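Take the sequence shown: its letters are residues 710 to 1153, numbered as in our numbering.
Worth flagging that the hints you see were computed from the coordinates, not collected in a lab.
Remember, it's a predicted structure, so these values are computed and weren't measured experimentally.
Don't take each hint at face value.
What the hints assert, rightly or not - Ranges of calculated distance between the beta carbons of each label pair, as one might list FRET restraints:
#1 Gly797 to Leu1025: 18 to 26 angstroms
#2 Ser927 to Leu951: 19 to 27 angstroms
#3 Arg938 to Leu819: 20 to 28 angstroms
#4 Val1101 to Leu819: 21 to 29 angstroms
#5 Leu796 to Gly722: 24 to 32 angstroms
#6 Arg1064 to Leu883: 32 to 40 angstroms
Virtual Cβ for every residue (Gly too), placed ideally from N, Cα, C.
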Amino acid sequence: MPKKKVEVDMTNGPLMGKMIRFTIPIVLSGVLQLLFNAADVVVVGRYAGSQALAAVGSTGSLCNLLVNLVMVLSVGTNVMVARDYGLGRQEEVEKTVHTAVAISLLGGVLLAAAGIFLSRPLLHLMGSPDDVIDLSALYMRIYFLGMPATLLYNYGSSVLKAVGDADHPLYYLLAAGVINVILNITFVCVFHMTVDGVAIATVISQCFSAFMVLRHLSRLDSAIHFDLRKVRLHGGTFVQILRIGLPAGIQDSLFSLSNVTIQSSINSFGSVIMAGNSASASLEGFVHTTLTSVNQTAINFTSQNFGAKKYDRTWLVLRNCLLLVTAAGLFLALAGRLFGVQLLHIYSNDEEVIRYGLIRMRMVFTTYVLCGIMETLVGYIRGMGYSIMPTVVTLLGVCALRILWVNTVFAQVGTMESLYVLSGFLADYLHCPWNLHIYHLLEV
710 MPKKKVEVDM
720 TNGPLMGKMI
730 RFTIPIVLSG
740 VLQLLFNAAD
750 VVVVGRYAGS
760 QALAAVGSTG
770 SLCNLLVNLV
780 MVLSVGTNVM
790 VARDYGLGRQ
800 EEVEKTVHTA
810 VAISLLGGVL
820 LAAAGIFLSR
830 PLLHLMGSPD
840 DVIDLSALYM
850 RIYFLGMPAT
860 LLYNYGSSVL
870 KAVGDADHPL
880 YYLLAAGVIN
890 VILNITFVCV
900 FHMTVDGVAI
910 ATVISQCFSA
920 FMVLRHLSRL
930 DSAIHFDLRK
940 VRLHGGTFVQ
950 ILRIGLPAGI
960 QDSLFSLSNV
970 TIQSSINSFG
980 SVIMAGNSAS
990 ASLEGFVHTT
1000 LTSVNQTAIN
1010 FTSQNFGAKK
1020 YDRTWLVLRN
1030 CLLLVTAAGL
1040 FLALAGRLFG
1050 VQLLHIYSND
1060 EEVIRYGLIR
1070 MRMVFTTYVL
1080 CGIMETLVGY
1090 IRGMGYSIMP
1100 TVVTLLGVCA
1110 LRILWVNTVF
1120 AQVGTMESLY
1130 VLSGFLADYL
1140 HCPWNLHIYH
1150 LLEV
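Sequences and hints are given; from them, build the entire structure.
The structure is reproduced here in structure tokens:
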């Protein structure tokens, strides 16, 4: 039976309406993916105590550090599929799809092994407290067993978004999110498990979403059709994916490394402050994924129009994306300031946890619009195939600054507020002008 066409034509016609239409499912998909972890945090925080909440929440930056180097190679897949699709090069699109699946499987197995064997030593290096480290290590080991499925879903969804289909990844994540919440409650409230229960629920839901994406790709009659028999690493395609995606992966891993440094400093304040920080960071994740969804829109629309040699439209793509991300950032910052207490109560009823979480929210939420602008500029630059320069800017403007700040200013002042000034306003404020400069250098 023929499928309903859901692809967005990125290279013809008016742009703003199509960009909004394309961005909304990406935002919702990102929010649902975050709900995997947020559901873990909420359930253990309310039913397993503040130690379990601290254990799950404090693993986020370390998990991202290990995952991002492989995960963000999907940026290379996204750019190549969108560019070749815009050029009508179907054979190249097919090679990229099957190479991406091979990378997902191999990378997932390697990440699973790394997570299982390195979790506790890395948590120990981060200074995880004795009353939290065992639970944190248990959560991470189970969580990383699902890495092959996590990568398969993300690479598969990148392929679909590259050709204008952001709807099906949303549908599959919605179903997986419902499964995750049901299993979380079942394992923790019925079987009285703690972090192990929420980790197992996350892995099962990730496997479901990966299966559904691959199933959908296998049923398509187009250049992005997936055939298990054709899965292999095509040398030239793999090199191109690395050329575009590896700098992005290094950037995100370095960004995560700086977050690990900050998390290590937070750990020194004890489990109650860790729990408040975890709750606030989880809420910030929803803001961040909303704003970085515009980054994906910028990558896809820019790549297709750049591939089709419609250079005037690429500038319109950037202008529209900056308008969208600024409006969304200001709205979410206001919502966080007005409803911070109510939102934090979703995660915990402990008033001390709420108090410390609110300190972070009020200092970090208001500057996220700068983060969105920064990510949008990076997405536009990468959409044109330039990936190294944004990585260098992030390395110097964010990562090096954060590590230097923690080892100098924070080492002298020693307050949470000094950390939150760095992780919010200061890094993003210094980062945006450099990306604007790169944009002007590359303007076609």
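Against the structure, the hints:
1. The hinted window of 18 to 26 angstroms between Gly797 and Leu1025 holds, with their beta carbons roughly 22 angstroms apart.
2. For the pair Ser927 and Leu951, the beta carbons lie near 26 angstroms from each other, so the given range of 19 to 27 angstroms is met.
3. Checked against the hint of 20 to 28 angstroms, the C-beta distance between Arg938 and Leu819 comes to roughly 23 angstroms, which is consistent with it.
4. Taken as a hint, the range 21 to 29 angstroms holds for the pair Val1101 and Leu819, whose Cβ atoms sit roughly 26 angstroms apart.
5. A hinted range of 24 to 32 angstroms for the beta carbons of Leu796 and Gly722 is inconsistent with their spacing of about 19 angstroms.
6. Checked against the given bound of 32 to 40 angstroms, the beta carbons of Arg1064 and Leu883, roughly 34 angstroms apart, stay inside it.
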